[in-house]
Structure formats: structure tokens, C-alpha cells
Amino acid sequence: MPETAERASVGVDLARGGDGRLAALAYRYRVYLLCAGVVAVMCALSPAFRSWESARTVLKSATENLPAGIGFALVLICGQLDLSVGSVMTLGGMIAIALEPQVGWAGGLVVGVAAGAGVGLVNGLLVARARINSFIVTLGTMIIVQNVVFIVWKGDTVPARGYAVADWLSRPIAIILTPRVIIALVLAMLCGLLLLRTTVGRGFFLMGGNPQTAWYSGLRTRRYLSGAFILSGLLAATGGALYAMGEAVANSRMGEKSLMTIVAAVIIGGTSMEGGRGSVAGTAVAMIALMALIRGLNSLGAGYEIELMASGLVLALVILYDAWRIVQKNRTRGQRRELLAELAARPPAAGEDEDDTTEGVAMQTKDRTFALACAAMVACVAIVGIVAMYLYSVRQPAPAPTGGPIDVSTLRGTDNQPLVIVDDSPLNPPQRPEDPSKLSDEDPLRWYDMEYAGWRCQKVQQPPSPGDGARGKYVVCLRHMDHPYTTAYTRGMQKVADAYGIRLKTLTAGNCDASVQSQQVDQVISERPDLVIILPVEAKAVVPMLRKLHQASIPVIASNLIPVDEGMPYVLAWTGPDDWGQFRLLAREFARRMNNEGGYCIVRHMPGCSPYFSRTFAVVTELKKIAPKMKCLEMQTTDLEAEKSMQTVSAWISKYGQDLKGIVSADDSGAQIGINEACRAAKREDIIRVAAGNSKVGMDFIQAGTLHAITYQSAEADGALPMKLAADWFSGKQIAKSVYYLPKKVITKENVAQFLPAQW
Amino acid sequence: MSELSAPDIDARAQRKNRLFELVSVLGVWALVMLLFASGCVISPKFLTARNLMSAAQAVSLLGIVCMGLAFVTYSRHYVDLSIPGIMALSGAMAISALPYGFAASLAVGMATGLAIGLVNGLVVGYLRLNPIIWTLAMVSVLAGLIRWAYGGLQVYPDEATAAGRAFLNLYHVKLVSLADGRIELPLIVGLLAVLAAAAHVVMRWTSYGAQLKLTGSAYEVARLTGVNVRRVVATAFVVSAATSALAGILLTSFNKVAAFYIGRGYDFEAITAVVLGGMALAGGRGSIAGVIGGVVAVALLNNVLSLVKVDDFVIGEFAKRVIQGCVFIVVVGLHSWALRRTGMDDA
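In order, the protein sequences belong to chains Z and Y. Just so you know, our numbering puts the end of the first sequence at 760, numbered straight through with nothing missing. Just so you know, our numbering puts the end of the second sequence at 1347, numbered straight through with nothing missing.
What the hints contain is simulated information worked out from the structure, not anything from laboratory work. Glycine is no exception: its CB is placed at the ideal position from the N, C-alpha and C atoms. Please note: incorrect hints may appear among the correct ones.
Straight-line Cα separation of at most 25 Å, SDA-like style, residue types lysine to any residue; simulated pairs [what the hints assert, rightly or not]:
1) Y/K1320 with Z/V158
2) Y/K1045 with Z/Y656
3) Z/K329 with Y/A1210
4) Z/K631 with Y/G1265
5) Z/K329 with Y/R1223
6) Z/K631 with Y/I1042
7) Z/K624 with Y/R1231
8) Z/K154 with Y/L1178
9) Z/K625 with Y/D1311
10) Z/K644 with Y/A1049
11) Y/K1045 with Z/K624
12) Z/K154 with Y/I1315
13) Y/K1309 with Z/V158
14) Z/K683 with Y/R1050
15) Z/K696 with Y/A1049
16) Z/K644 with Y/R1050
Residues from chain Z that face chain Y, not an exhaustive set, calculated with beta carbons under 10 Å [said to hold, decoys possible]:
17) A174
18) C457
19) R604
20) W652
Generate coordinates for the entire structure from the input sequences, incorporating the hints supplied.
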């Protein structure tokens, strides 16, 4: 009989009273246990994780989002949501760095924080006074603030003028504590004290727990609500400003990815979505636990995908555990233990069941919920187990080649092109203008610092080559994003590494996330590899990271995306495609096909990364020079998405009609699909289309004749070249140039056959 | 002595109420008409069949997602943030199943979405976990899973097989083509219309719709009335997952490739359209007609702003999004204000 079983199990539960108390204690301190558990497991699994440097890295990355996290928790305690914290972080950081030349560091910080508080005030007024749902309001302000930042700084990155403040903020004071960590922790402590030790703090909890009661008991709920939003904005902007000052650079989408981390940490830290419950200390500990998990996985060599899964699973497990506790609590709510114990001890009598039936059914339903919770948790644990097993099985050291001289020139890519290729033409840059930013956007010299970055540069003292060959060396590659291109890139790099017997590990900075890359640089410094290959997330944002690697005397080769001049002295060399040169070549082909006349539009890359400029202005300036009759009608970013591109191009075709003769695209896959679809739907197949290459989709279009020219950019060769250079350097060869370009080529229908099959 | 007698005040209040009621009922369609009018003023190119058709086609997939998400929002469970994950995974699974035929591919794609929806439904509906947090965790796991399973590569359908070609053509199928293709009804627009009609019928005319409304308006009351609230909520998440899976398959067909980035951004765009359409996050309020209005408003806003000529390209493109954000807050704010004034809402 189920009832009997139920009763018996309750009886057993009661008999183990001590266990119940232990479970309650464990539940109460679950986030501390989680943190300790993660750290212990990672320390046991990964030797690289057991060092003060890695502890410092974990603390630093945890405190990066901490102020914004506390703000988010505060608003959540009041029973509301603040989705705008990420955008406000960006705003605070951008203002603090960009205003520094005019008003100094303190001034910039104050203005940045004030701007954040201003956004918070607007949020607060809209939620408390206009009584609009906070989800809506902050979703709106999130979009508005992010785009205002794009407008003001044109999607660009702002570097700080000097490193004095950044160095001061990142200098270790007491083994693992740096000023920026201390400042964040002090902020957290102050907020914690405010919440726990003051009347105002209790007011927040009261209001979140039951707004009606709070109002009845004379609490000025609207003021409290506005206050929470203002504090949240203020904290987020402070966090952003501190972070940007510590890194000496502010990127225009630096806070974009923070929201997910913040929400996860705040919830894991025990703050309730229903309001009225939450803790600052819990949030801080949860941040540390999450970051320790991610850094630990990274040091084990896990990819970005494992990071994503692991942080999602931890969040899922924690909230399932919460739900399980609540189910358990409900099960015994209102029951008198001693009576139940007595009941369980007595065998059930036959006649007793009559009035018990309804209760029995209710018990059964609850029991099913319990079983369901268990099943869900078991499923999650199973997935974690599979992932752990996967992690355990990967990363076998690469097989060393069997002696003899190594010749990589015979290696071929998956597209049957030679794998290791380089453009040998000499670099002769023109004279740099006094101040390029004063020139018009259509002047080629306006973009001098981007286009000719590193062509002329004075290297600082580089670490000496070991001179003992490449075999057995350990190289870490920091990739900028997770994309099929970078997958093919790594394939090429791995091939060369295998040929030389080099051990290679790759890390990915999420989706072009500057803050993640900066954390990975810290981590790599603590691992001390023989060489680092870095694919910058952004030309300016990477400079402080290169400087840091250089200070740690780790040799660096930059790749794929060229840093600005300020960063080039710190690297052995840079290798990669000549984006500006490629697009000048493409522009000439475009002009030829357009007969040097007509209007054209440009689908741009994503703001916040360098091709946003190169793949736009190389075309604009080149066409201005060789085909002055051609006119740029409009340019716009579509985030490289097919649907948005279709929408945008359809609108262009409607708007400009026959004036629109050609379209240049920063991408030949997603964006080009949208462009082609729009042209087809509008029966405008006559529009000349060129794009950055070369994906399978793009080459299919070339063959079909719906795309006229793309650039040849071999992802595998892009990855192979820096590894070849690294191997040369290991064996003591001189690195002659500071910039090594891949050969430039344009693919059209005539020559597309030789580039098939596509690499990605 | 009061200057007005009680009936006078009543009548005035009633008139006022009626006005607000009108505003809230017309809700988003007033915005649609406003946008339509301003579109006609701004550009002569606006009122052409081609422009309007392309605007409609561009948001059809969003509309399909919204039809399912509306059930979740209606049941007062805010939003299903796992939508992008479901879209990407069901598209990828559909392509992986192509060797077994076109029908199998569609079935596998839909089944994948339904399975994820079932998990969401069980956890949120039966275990009462917070929907935002659970689906956030879910989307993170799914994003990792897709990258892991496909090794960060794009998955292409095989164009050499009939099934592959059929899959690629799915997005482009035209249901009706009149006058040399000048008037066309794409499959996706037709699909959206069918789904909208079905969703409307379910919400308005079935007992499930009534139960959903009651659950959304007052969860406890519904439970005490004998509504199986857990199942009602779980079903809403399954419906949302089903429409997301459908949209994901179609979007994959459009993109010609399955990859983890398929469906990115659909979560917030869909909830924007649903809420703009007058479906309150407080649950139990709004209608499918309103949601369609919300989708149309998003399409028109985008289209009209794209037709405006701006001298500075960079400012133009981001200013557009700033305006969209402002319109979103103002419209939803006005709507909830109107509801409060008519006494239909005390939130």
C-alpha cells in the first residue's frame, strides 16, 4: 500500500533527525559548499590551477562583475529585474576612459558613475512612478543605452592614454589581493552592511517580501524602489569604470556578455526571483565559484562549449536543489512529528483508510513531484558525469614526428591549397599624417593607424629564443571567437603543430569578448607556456594584454587580426590576412564590374571589432580614388545575420530603386544569404555583389553566379602561418619582418574551381 | 452641496472609461495605423506591394515563434529564454536526419524541440521553478551541447539528394503565385496565418484556453477551482517549444546551414513583439490578434525607419534602435496606464 510506504518513509526521516538538521545546515550554506567543492575538485584535477596566480585570476574575474551583480541582487530583493546592468557597465567604462583627457581620472570616474546613476534614476522613475513592468523598462533601456554608446563612440574602442592607473589597480598588495579586488570587495561589504545592519536595508527586504504590507506599514515604497534602481545603475557603472581603468581600455560592447553571468551568480547566491530574499555575500561567493569553475575547466583544456554547459548545469542543479528543498518542506509542513512517528510504529488498521483516502491522494501527488525532482537531478548529474568523462578522455599529447628534417611546405589544406603560404612583397607605408582622425572618412590616410599598423615599429626587447627546436614545446592559442572560421583556423594550426611535435592548447574568448580574453591572458601567464599565439578580439583592446604578456616575458605572436601600432612592439610578429589590402583588391574588381559608376551600399561587420572599419572604409576610400563616379548610398551593420540582412537590403532596394547598383558585404555566408534573398525577391539580380570570403555558402553563390567576387582568405593557412613562425623561432631563426601577410587573391566564377572544397 | 450629482459623475467616469477601453482594445493596432500613415508620408516607396511583402516575410518567423511564446506569457510565466537554443538544435537535428528522408528530418527536428519543451514544461510546470532562470540555464546547456556535438562546425544539408534540396527549398516554397509571380504567398506567411488562427481558436474557444486564462490571471484560484494548473503551464511550454522548433527548421533552411548561432536574439525580439501586442507580463491578458499586431508593429517600425534618409550613416543605424527601444517602453507604458485607468488592472 502506498500510504504505508509513505508513512514509513516519513517515520524513517524522523528517526534520522540529526541528518535532517545536517541537510538544513547544508542547504543554508549551499553556496559556500558549492564554492569549496568546485575549488577542491579543480585543485585535485588540474595542477595548473593550484597556484597563487590562478587564485588571483579567479578573484579578479569574479570581482569584475561583482558591483553590477550586487546592484542586480538589490533590485531583485525589491522584487524587480534590472536587465540594463550590462549596458550600464559599458557606459560607465566608456565615459571613465574617454573623458580622462579632459577631466582627469577622478573626473571621468565621477561622470561615468553619475551617468550610471542617471540611467538607474530613469529606470526607477519608470518602474515606480509610471508603474511599467521592470522587465519591459530595463529591456528597453538596455537596448537604448547600448546603442547610445555605439552612436557616441561610433562602435569603436577607446584606449587609455597611460598605464599608470591600470598598473596601480592591478598591483598585488597581499599575495592575491590587488587594489581593484579590494575596492570591489569593500563596495560589496558596504552594500552588505547597508542591507543587513540598517533600517533602509530592512526596508528593501520588507518591500520585496510583501509590497502591500510594506506600504501599509508606512514605508515609502516608491522611493525605495527608485533608490534600488539608482543604486544598481551606480554600482554597475562603478564596476564598468573600475574594470575599464584596470584594463586601460574600454570596448563598446564590453558589458554585453555580463548579464548571463550576473543572473546566474545572483541566483546561485541564494537571491530569490520572487523578492524579499537575498544576500550580497552569497552573490560574491557564487561569482567566485562560477569563475573558479570556468578557469579550472580552462586550465584542464576544456573548450568554450564545456564552459557554457558547465555553468548552465550548475545553475540548473542549484535551482533544482532549491525546488527539492521546498517540496520536502511542504511535505512535512503542519505535521506533528511525534504523532506521525507513533502512527508509523503502529500497523495500519483496515477500517482507518476511509477518512484517509483524500489525504493519501494528496500525499501521492506530492510524492510524484518529489520523484520528478529526483529524476531531473539524476539527469543533470548524468550529463555532468558524461561531460566529466569526456574531459578526462581528451587532450592526449600529440604524437611526436619520427625524426628527420621537418618539411611543412608539402602540407595541404582541406581545400587542396598549400597550407603554409606567405606574401613576400616588401612593406612600404606612406607618410603618416599629423592627426589622421581629423581627416574625412573618405580619405585613405584617415585610417592610417589601422591599415599600416605595425609596418614601421620599434620592437621592445623580446625574450630570447631557446634555440633548441620546436619538439615538445607547449603553445597556447587564444582565439577571439567561436566560429566555423576559427574551427578551420585551429585545424590548420594543429596540422603544423603535429608536424613539429608541438603541444597545442586553444582557449576561446566567447564571442569576441574582450574581458574574457583578458582573463584568459592572466590565466595563461600563470600557466607559463613556451609561446602564446593570440587572435586579438579587437585591435585596441588587445594592447594592454600584449603588454602584460610581454612583462611576464612570454613570447607572443599575434594573428588574424592586427593590433594597433601601440601593441606591435610587444609581439615577435603578426601574421594574418591583409584585410585592408584584400578589400582594396575586391573594390577594384567591384569597380570593374560596375563600370566605375553607380551607387552602392555596404553591409558592415559587427561594431566593436576591427573588420567593422576595414571591410567598410577600404572599399569607400579605394573607390573614391579609382572610381569617383561611384557613390556610397548607405552602410549598415546587420550583425551578419541572414534575416536582418534581408530586411535591410529589401529596404535599400525599395528606397534607392535603380540608383542601387551594387552591394558590398563583410561576410559571404549569413549576410550574403540575406542579400541574395532580397535581390531575388525584388527581381534585382542585376545588382553587383561582392563579399569577404570564403565560406562554402559564398563559393556556392559564386558558382551559381549570384555573387560576383569574394576575397580568398584561407582559414587553415591563417592558422598554419603563426605556428610555422613559432617553430622557426624555437629553433633560433631570425624573424625578419614584423608583419607577415597571407597572399591576397580574389575568387570569381572563373577560378573558383581550384578553391573547392570549402574549408568551412 | 456637491456640484455634480452622483449619476453625473458616473456618466462622466463611464465616458472616460469607454475612451480608455477603446485605447486599450485598439492597443497596438493604433500604433500600426500610425506607423502605416507615417510610412506613407515618409517615402513613396513604402506603399508598394513588394515593400510590404518583404517586410511581412522578414518577420514571419518571428511571428511563428511569438504564437507559441504567447501561451507562456499568457500563463504568467514571462518568457521562454531557451528559444534560441531550441531553434538551433532542432535545425541541426533536422539536417542530421536528412539521410533518412525529408519527412524523417522534419519529424526529428520537431521531436527535438518537443523533447526540450517537455523538460521545460515538467520543470517549470510541475516543479514550479522560476521560468526565467530555468530557461536561462537550459539555453546555456543547449548552446554548449550544439557546439560540442558538431565540433564548432557548420552542418550543411547534402544538395545532391532530393531530401537535401527539398529541405533547402522549404523556406522558399510559395503557396500561391499569381500574375507572373508579382503576387506571391510564401509558405511561411501562410504558416503564420494558420498558426495564428489555430492559436486564436485554442485561446478563445477551447476549455484549455479558458483554463490558461484563469491560470494566468490567478494561479491559486485556478488551482482551487480544480484546474490542473501544472499541466496547463507545462503544455504552454511545450507549445512554445514546438513553434520555436518549427521556426528553427525554417530558419535553418533559409540559412542553408545549421550552426549554433541560428536563432540568436529571437528570445528578446519575440518577447518584445508579444508584450508590444498587449499581452501583459502579469498574465491572462491580451489576445492573439494583439500579438499579431505586435509583430506587424515591429516589422513596420523597422521598415519605416529603414526608409528614412539619414546623412550620417553611423548615427542613422543606431538611432533606429534607440527609437525602437523608446517606442517599446512608451507603448507598453501607455497600455498598462490605460488598463489601470479603466480599472481593469491594479498592477
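Hint check:
1. Y/K1320 with Z/V158: Answer holds: Y/K1320 to Z/V158 is near 24 Å, not above 25 Å.
2. Y/K1045 with Z/Y656: The given pair, whose Cα atoms are some 9 Å apart, holds under the 25 Å limit.
3. Z/K329 with Y/A1210: violated (32 Å)
4. Z/K631 with Y/G1265: violated (33 Å)
5. Z/K329 with Y/R1223: Roughly 20 Å between the alpha carbons, so the hint for Z/K329 and Y/R1223 holds.
6. Z/K631 with Y/I1042: Satisfied, since the Cα-Cα distance of roughly 23 Å is no more than 25 Å.
7. Z/K624 with Y/R1231: The hint is violated at about 64 Å.
8. Z/K154 with Y/L1178: violated (45 Å)
9. Z/K625 with Y/D1311: Given that 25 Å is the threshold and the Cα spacing comes to 21 Å, the pair holds.
10. Z/K644 with Y/A1049: holds (20 Å)
11. Y/K1045 with Z/K624: violated (29 Å)
12. Z/K154 with Y/I1315: holds (8 Å)
13. Y/K1309 with Z/V158: violated (29 Å)
14. Z/K683 with Y/R1050: holds (10 Å)
15. Z/K696 with Y/A1049: violated (34 Å)
16. Z/K644 with Y/R1050: holds (17 Å)
17. A174: violated (35 Å)
18. C457: violated (30 Å)
19. R604: At 8 Å from the nearest chain Y Cβ, Z/R604 passes the 10 Å test, so the hint holds.
20. W652: Hint holds; Z/W652 Cβ to chain Y Cβ min 8 Å, cut 10 Å.
Going through the hint list in order, the structure does not satisfy hints 3, 4, 7, 8, 11, 13, 15, 17, 18.
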